[in-house]
Amino acid sequence: MPSGYNVRSRVRERNSVLSRPEFMSLNHQPSRGGGGGGRGGGGSGTSESRGSSRRLGQIKHQTSQQSEEPTESGSKDRRESNKMPEEDCMQLNPSFKGIAMNSLLAIDICLSKRMGVCAYTSSSWGGCRSMVALLALTGHGITWIIGTIICLTRSNTLAGQEVLVNLLLALLLDVLTVSGVQRLVKRRGPWEMTPGFLDCIAMDVYSFPAAHASRAAMVSKFLLSHLVLAVPLRILLVLWAFLVGMSRVVLGRHHLTDMVCGFALGLLHFSLMETVWLSSSTCQTLISISTLSWSPFS
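In this text, residue positions in the sequence shown follow the UniProt record's numbering: the first is 1, and each later residue adds one.
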């Protein structure tokens with residue numbers, strides 16, 4: 001019958017941490033001396049310890065590989081997150097030019113919204129909206145093109161027909177150029193409004209540049225250069241061009257910068273038309289072709 005001491009020692013060895021297989025290399029020490037039995041026992045202990053050490057090495061290697069993989073992926077994610085896109089960098093560190101442009105655009109939008117006093121009938125000057133819209137209609141492209149064609153059909157002098165044909169070509173050039181620039185820029189007005197029927201026909205859908213301002217500046221400069229007018233009429237013509245441009249800002253259709261750029265574009269159209277001015281004979285040929293009375297062998 002085993003004694004109580006031996007039973008306790010066996011329980012202690014069974015519960016000992018060092019008796020587990022993964023800690024056998026720490027628990028068993030190879031015997032250096034002794035008889036054959038000792039050497040045999042030492043050899044078996046050494047083989048067990050080597051096997052357990054190999055298993056421990058494999059486990060550590062696998063654990064290190066698994067721990068390295070997420071570490072590498074995490075470091076890559078951190079490096080990618082630290083790389084900010086160019087847009088964010090430009091927004092966080094804007095240049096002086098960018099700050100100036102953004103400030104001017106903000107001032108332009110603020111002033112344009114404040115000047116849109118006739119944008120809606122419920123605005124502060126909503127009762128004058130119909131009168132301002134009528135003033136803007138006098139600078140519409142459709143109005144000027146139809147009026148020029150009517151005057152051309154009623155004109156009987158070669159000089160008058162020459163001026164009217166060149167004016168008609170200048171109006172067509174203005175409409176096409178402004179609509180092309182508007183399609184490229186696609187800037188919306190200060191107030192969200194649906195373009196009217198005449199605006200869609202004249203392709204005046206977007207805000208930049210202001211088509212009415214461009215047309216008014218070009219027409220006023222054209223008439224001042226090719227018509228003999230008294231001084232009061234010349235002043236009224238310049239005032240009319242300015243009020244037509246301002247009417248679109250008051251109606252909430254354009255910004256102030258759209259109006260200014262429209263005036264500059266209108267003067268550019270006038271200079272271009274003066275450069276390629278059509279002679280009287282060319283104008284008569286165009287009139288004959290348009291009226292189907294042109295005979296090339298006459």
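Warning: the hint list may mix true and false statements.
[Claimed, not checked] Cβ pair distances, simulated, as ranges:
#1 Thr194 <-> Trp240: 44 to 54 Å
#2 Ser124 <-> Gln284: 45 to 55 Å
#3 Leu104 <-> Cys151: 34 to 44 Å
#4 Arg183 <-> Asn102: 21 to 31 Å
#5 Arg154 <-> Arg188: 34 to 44 Å
#6 Arg114 <-> Leu224: 42 to 52 Å
#7 Ser288 <-> Ala106: 48 to 58 Å
#8 Gly127 <-> Ser281: 48 to 58 Å
#9 Thr153 <-> Val260: 48 to 58 Å
If you're looking for bench data, these hints aren't it; they were derived computationally from the structure.
From the three backbone atoms N, C-alpha and C, an ideal C-beta is built for every residue, glycine too.
Report task. Could you say whether the range 34 to 44 Å given as a hint is met by the Cβ separation of Leu104 and Cys151? Result -> holds, 41 Å
Query raised in the report: How does the Cβ-Cβ distance of Ser288 and Ala106 compare with 48 to 58 Å: does it lie in that range?
Result: Between Ser288 and Ala106, where Cβ atoms are some 55 Å apart, the hint holds.
Requested in this report: Hint says 48 to 58 Å; check whether the CB-CB distance for Thr153 and Val260 agrees.
Outcome: violated, 36 Å
Report task. For the range 21 to 31 Å, tell me whether the beta carbons of Arg183 and Asn102 fit it or not. Result -> Given range 21 to 31 Å: holds, Cβ gap about 24 Å.
Query raised in the report: Per the hint of 34 to 44 Å, is the separation of the Cβ atoms of Arg154 and Arg188 within bounds?
Result: At roughly 41 Å between Cβ atoms, Arg188 and Arg154 fall inside 34 to 44 Å, so the hint holds.
Query raised in the report: Falls inside 44 to 54 Å, the C-beta gap from Thr194 to Trp240?
Result: Distance hint for Thr194, Trp240 is violated at roughly 27 Å.
Requested in this report: Check the following: the C-beta atoms of Gly127 and Ser281 are separated by a distance inside 48 to 58 Å.
Outcome: holds, 53 Å
Query raised in the report: Arg114 and Leu224, beta-carbon distance inside 42 to 52 Å?
Result: violated, 32 Å
Report task. May I ask you to test the hint 45 to 55 Å on the CB atoms belonging to Ser124 and Gln284? Result -> holds, 53 Å
Violated hints for the displayed structure, listed by number in ascending order: 1, 6, 9.
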